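Going down the list, the protein sequences come from chains C and F. Residue 490 in full-length UniProt numbering sits at position 490 of the first sequence, and the numbers go up by one each step. Residue 141 in full-length UniProt numbering sits at position 141 of the second sequence, and the numbers go up by one each step.
Rather than coming from a laboratory, the hints here were simulated on the basis of the structure. Model, not experiment: these values are computed from the prediction. We treat Cβ as the ideally placed atom computed from N, Cα and C, and that holds for glycine. Warning: the hint list may mix true and false statements.
[What the hints assert, rightly or not] Lysine-lysine pairs mimicking DSBU-like chemistry, simulated, CA-CA at most 35 Å apart: (1) F:Lys213 - C:Lys153; (2) C:Lys337 - F:Lys19; (3) C:Lys153 - F:Lys27; (4) F:Lys27 - C:Lys94; (5) C:Lys656 - C:Lys740; (6) F:Lys27 - F:Lys195; (7) F:Lys54 - F:Lys27.
[Said to hold, decoys possible] Some chain F residues judged to face chain C by a derived CB distance under 8 Å, without partners named: (8) Ser9; (9) Pro13; (10) Ala16; (11) Arg20; (12) Gln22; (13) Val299; (14) Ser302; (15) Asp309; (16) Glu318; (17) Val319; (18) Ile320.
[What the hints assert, rightly or not] Here are a few chain C residues that sit away from chain F, every Cβ distance over 10 Å (derived from the structure): (19) Ser157; (20) Glu226; (21) Asn691.
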Amino acid sequence: MPPKNKKNNGPVKGNKKQKEIVQDERFQAIVLTDSFETRFMPLTSVKPRCLLPLANVPLIEYTLEFLAKAGVNEVYLMCSSHADQIQEYIENSKWSSQESPFNISTILSLESRSVGDSMRDLDNRGLITGDFLLVSGDVVTNIDFNKAMAVHKHKKSLDKDHILTMVLTKASPLHRTRSPLDPATFLLDKKTNRCIYYQPIPPISNASKSSSASINIDPELLEDVEDEMSIRNDLIDCHVDICTPHVPQIFQDNFDYQYLRQDFVNGVLTSDLLKKTIYAYIIENDEYAARVESWATYGAISQDILARWSYPLVPDANLLDNQTYTYEFNNIYKEEKVILAQSCKIGTSTSIGSKSSVGEGSHISKSVIGRNCQIGKNVRITNSYIWNDVVIEDNSVIDHAIIAHNAKIGAGATINPGVVIGFNVELGKNKTIANNVRIVEKPIEKEDDEFDNASSFGSDEEEEEESDNEEDEVKKQSTNNKNIPLFEVKDIDLVGEDGTGFLYTSDREVDDSDSEYEVSSTSNAPYSGVLYQMQALNFSDDSIASLTNHKHKSKRRSNKNRRLSSASVVSTDFEGGYSEVDDDEEDFDKEGIATVERALENNHDIDTALLELNTLRMSYNVTYHEVRSATVQALLTRVVHFISTDTLEVKEATEKIFRTWGPLFRRQVFDEEEQVDLIQILQNKSVILDNTYNQKILFFAINILYDEEIIEEDAIYLWWDSATSNATKELATVKELTGKWVDWLREAEEESDED
Amino acid sequence: MSVTPEILSLVDPTVAQLKRRQIEGTKDIALSISQLLMRVISTARWTNPYDLIKIIRKVGTILISAQPKEVVVGNVVRRVLALIRDEIETEATSSSTTASASKDTPMMSSMFSLLSTNNNDSNSEIHHQSKKQSSDLRSIIIQGIRDLIDEISNVNEGIESMSVDLIHDNEILLTPTPSSSTVLQFLIKARAKRKFTVLVTENYPNDIARARKFVKTLAENKIETVLIPDSATFAVMSRVGKVIIGSNSVFANGGCLTNSGVANVVECAKEHKTPVFAVAGLYKLSPLYPFNREDLIEVGNSGKVLNYDDHKLIDNVEVITNPLYDYVPPEHIDIYLTNVGGFAPSFIYRIVLDNYKTEDTNLE
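Please put together the full structure from these sequences, using the hints given.
Structural data, given as structure tokens:
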């Protein structure tokens with residue numbers, strides 16, 4: 001829902017109207033500092049993503065530097081989670097000084113839970129006066145923006161419906177900097193680079209699954225392609241967009257849009273009503289653009305910066321005023337006052353911050369070391385990112401890990417690939433941290449209910465997990481009302497007696513629970529470097545649904561996760577946030593059923609009922625599964641009502657209700673899978689009914705829906721043969737009557753085939 | 001004397017532009033730095049010219065740290081400092097006829113000054129300048145900077161005038177620095193009286209686009225021009241009469257910093273005993289000495305060397321480097337053509353002494 005009551009939060013510009021007259025002189029940029037994702041948990045529970053250091057410079061600096069170079073005059077930072085930190089940072093930075101190349105202001109949009117919300121908030125505030133640049137706060141790029149802008153203007157002069165230019169980089173599909181999380185296929189008109197279709201694709205690791213190896217294109221979309229078109233799966237989408245003022249308006253009009261790409265771009269392109277066009281600008285080969293959106297790209301982009309792909313955004317450009325990096329041969333960067341022991345070895349692509357010291361015999365390569373770090377003797381650090389004030393004692397081995405500020409690693413520790421050590425964690429002596437374990441200073445509070453759900457769901461993922469016992473225990477304990485002392489007893493195994501820190505298990509967010517699954521399944525495979533390791537740290541939402549078999553659970557869960565991952569994570573919000581989510585679903589059931597019942601009683605027309613349901617679905621953010629479930633429940637209740645009051649016979653009652661109201665499903669059921677789901681719901685709900693007539697109701701209902709062409713034969717067969725429809729004795733009994741009809745259907749089909 | 005916020009607010013935008021590489025080309029950098037210093041001098045509050053010197057030195061260090069490998073920034077700052085010092089000197093000699101002459105003339109040219117301590121504070125006490133004098137000085141200095149700006153912007157004219165004497169008819173020339181506008185003007189000017197052929201190297205990877213533009217401009221001026229790959233340099237060198245190179249900066253020892261790839265070419269030229277002419281404006285001469293490679297050579301965008309989309313290669317290559325400059329030692333250059341005349345590399349230190357003050361070599 002678009003937030004409406006926050007106009008007072010942001011800076012109020014009095015001279016707005018006056019400025020609107022001189023449109024062309026100003027060029028605005030909107031920076032989305034919040035990604036509305038939880039991929040950088042647990043570190044983002046303490047610091048916002050855009051302030052995490054990348055090669056010892058906060059991420060936002062790279063974006064602002066790009067904007068400065070692009071000649072932007074006004075920058076608005078849309079902040080939601082950790083807004084105070086971002087605001088404070090900006091206020092103390094060079095960007096808010098007088099000499100800053102642009103005016104910068106932070107906009108607090110605390111209620112935003114998705115990119116869509118931010119855009120709607122932006123529109124409400126009426127800040128946008130002309131074409132503007134929309135970037136996320138984690139872009140690293142050295143592109144010549146003037147060229148992109150020229151292309152945008154040119155396209156706009158040719159095509160007045162042009163509303164958005166996406167800046168894309170060419171790369172190969174498996175490129176390290178290409179997001180393994182939300183890769184997408186773009187369909188472009190070859191001649192004009194007009195984007196015809198956008199299709200997000202599930203992660204590459206799942207590509208073997210038939211569902212993700214293909215994309216479906218509506219032939220209508222291709223009607224106005226004049227010449228040739230290209231389907232491209234080799235583009236890095238770094239979320240640098242030049243937008244016209246229509247873009248926030250479209251978000252406003254379509255209040256269910258959450259994501260810029262999935263919802264907005266797709267929505268605009270497939271909409272018959274809007275008739276707007278989107279173009280792509282593919283940047284030249286020697287330019288660089290990438291977005292830090294996961295640990296995988298964090299690692300890759302750090303390496304790119306050290307290897308000077310992003311020149312002039314390199315460490316020795318000293319983006320922060322107090323930095324003193326100098327370049328040395330083989331991409332080694334050192335600040336002032338770095339103390340290196342004579343026998344230590346610094347390999348290629350390494351950056352070391354000031355006042356850090358490296359002890360005798362230590363070996364560091366392809367890593368970033370922050371300021372004031374103390375690295376002991378005979379330590380080996382490869383492909384790791386160590387932030388400020390970290391102490392690493394003698395003989396430790398660190399590979400492909402991320403160690404946040406103020407952490408302490410005891411002597412002889414072994415940190416395996418994929419590990420994330422949180423702020424202020426202390427690790428005892430001689431500890432070995434297994435792959436992909438994340439440790440935080442304090443347990444992040446979680447909701448019990450969430451865990452019940454999660455542990456049953458996550459049972460399969462833990463089987464191969466190296467630290468599975470530990471994790472199980474943590475979960476059990478946390479379900480026992482989060483007994484903190486127990487936690488501590490537990491985690492001594494992990495961090496040692498002299499350490500502090502807790503295991504972070506992120507079963508609440510789909511990314512990570514999924515990643516653990518992924519890692520365990522791929523851990524036997526040989527990995528090659530930071531790429532695969534970091535990639536293993538997380539995966540996208542999409543894969544979870546396809547990985548699990550318990551249909552009902554997974555649906556519920558994925559829908560919940562979707563909501564969670566789109567919710568910005570502020571650690572203090574968790575409790576409230578979660579209970580709210582759970583309530584939402586139950587509420588929806590109630591509300592949905594009530595809506596349909598109201599429609600039945602008052603004899604609304606179907607469109608009105610549908611509209612109401614759809615609005616409800618969006619506002620509660622639930623899937624169609626819930627909508628179907630609610631509708632079926634309401635219809636059946638109505639049928640039962642007729643039967644029990646003896647107004648109508650079973651057949652007539654079912655006929656009456658389903659014949660009239662069955663078409664509701666037409667807008668709730670779109671493909672075969674959903675048809676099966678609908679029948680399954682119908683079956684499940686019928687089981688609970690009085691068993692004198694429930695078989696009949698099921699039979700008639702399916703029959704009518706088949707008649708109305710809402711469900712197809714294939715779906716019926718699929719349902720009939722599926723394991724879930726025969727799971728219990730009751731289920732088997734209830735569908736008995738339908739059996740004959742299904743057989744008849746099959747025979748009829750065979751006969752017609754023979755003909 | 002610290003740098004006041006007003007001055008910082010003048011300096012910061014230029015620092016940011018330098019950091020972002022928004023000002024490209026040594027000439028543009030030199031011009032913008034001198035204009036900036038002019039603004040600084042007119043804004044700065046000072047009663048004593050030595051305070052002004054301190055301010056400029058501070059500003060100089062800030063500017064140099066913005067792009068430490070761009071020597072021209074330091075050159076311009078030092079030129080301005082020398083200008084101020086010269087003015088103070090003339091002022092001193094004219095105003096105090098008797099006393100000061102013995103006391104404070106910096107006899108840098110004499111051997112005595114090596115041992116004497118040059119105490120600025122004692123100097124400053126002597127110069128109790130009235131408000132009027134200091135504003136006079138201010139306008140004189142600003143006029144001096146205007147002259148410097150004129151000199152920088154008209155640098156090509158002085159160099160061009162020598163071209164006819166140096167280039168013969170039907171000669172074949174080779175230039176490995178297609179990014180240099182001075183070389184371009186030099187050749188175009190020579191074409192007015194002479195007919196000759198120019199070979200231009202591509203200078204992969206940083207200059208290819210510029211090389212094509214360069215060749216096109218030459219051809220438009222009716223100069224017979226051939227674009228050759230870098231690898232062909234040695235093969236064609238036997239036919240080449242002169243090698244003409246542009247330079248980014250010239251050090252006091254006579255060595256110079258120029259586009260990457262030029263070191264190769266001059267090495268070939270040495271082998272074939274082909275004369276090498278380096279063209280350089282006076283503002284490119286630096287009082288510094290080249291001590292080590294890492295302080296001098298800027299390393300640029302790796303993406304120019306290897307396409308970024310080739311991930312298999314990138315993942316497996318340990319280091320990709322794209323140095324932007326080459327250092328050419330003095331023994332590989334036969335003559336420097338500057339806007340004040342032609343000089344042997346071994347004579348450069350003398351020109352440097354004429355234009356800079358040794359006190360300012362180290363600004364910190």
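Here's how the hints hold up against the structure:
no.: 1; hint: F:Lys213 - C:Lys153; result: holds, 26 Å
no.: 2; hint: C:Lys337 - F:Lys19; result: holds, 22 Å
no.: 3; hint: C:Lys153 - F:Lys27; result: holds, 32 Å
no.: 4; hint: F:Lys27 - C:Lys94; result: holds, 28 Å
no.: 5; hint: C:Lys656 - C:Lys740; result: holds, 23 Å
no.: 6; hint: F:Lys27 - F:Lys195; result: holds, 29 Å
no.: 7; hint: F:Lys54 - F:Lys27; result: holds, 25 Å
no.: 8; hint: Ser9; result: holds, 5 Å
no.: 9; hint: Pro13; result: holds, 5 Å
no.: 10; hint: Ala16; result: holds, 7 Å
no.: 11; hint: Arg20; result: holds, 5 Å
no.: 12; hint: Gln22; result: holds, 7 Å
no.: 13; hint: Val299; result: holds, 6 Å
no.: 14; hint: Ser302; result: holds, 5 Å
no.: 15; hint: Asp309; result: holds, 5 Å
no.: 16; hint: Glu318; result: holds, 6 Å
no.: 17; hint: Val319; result: holds, 5 Å
no.: 18; hint: Ile320; result: holds, 6 Å
no.: 19; hint: Ser157; result: holds, 26 Å
no.: 20; hint: Glu226; result: holds, 28 Å
no.: 21; hint: Asn691; result: holds, 62 Å
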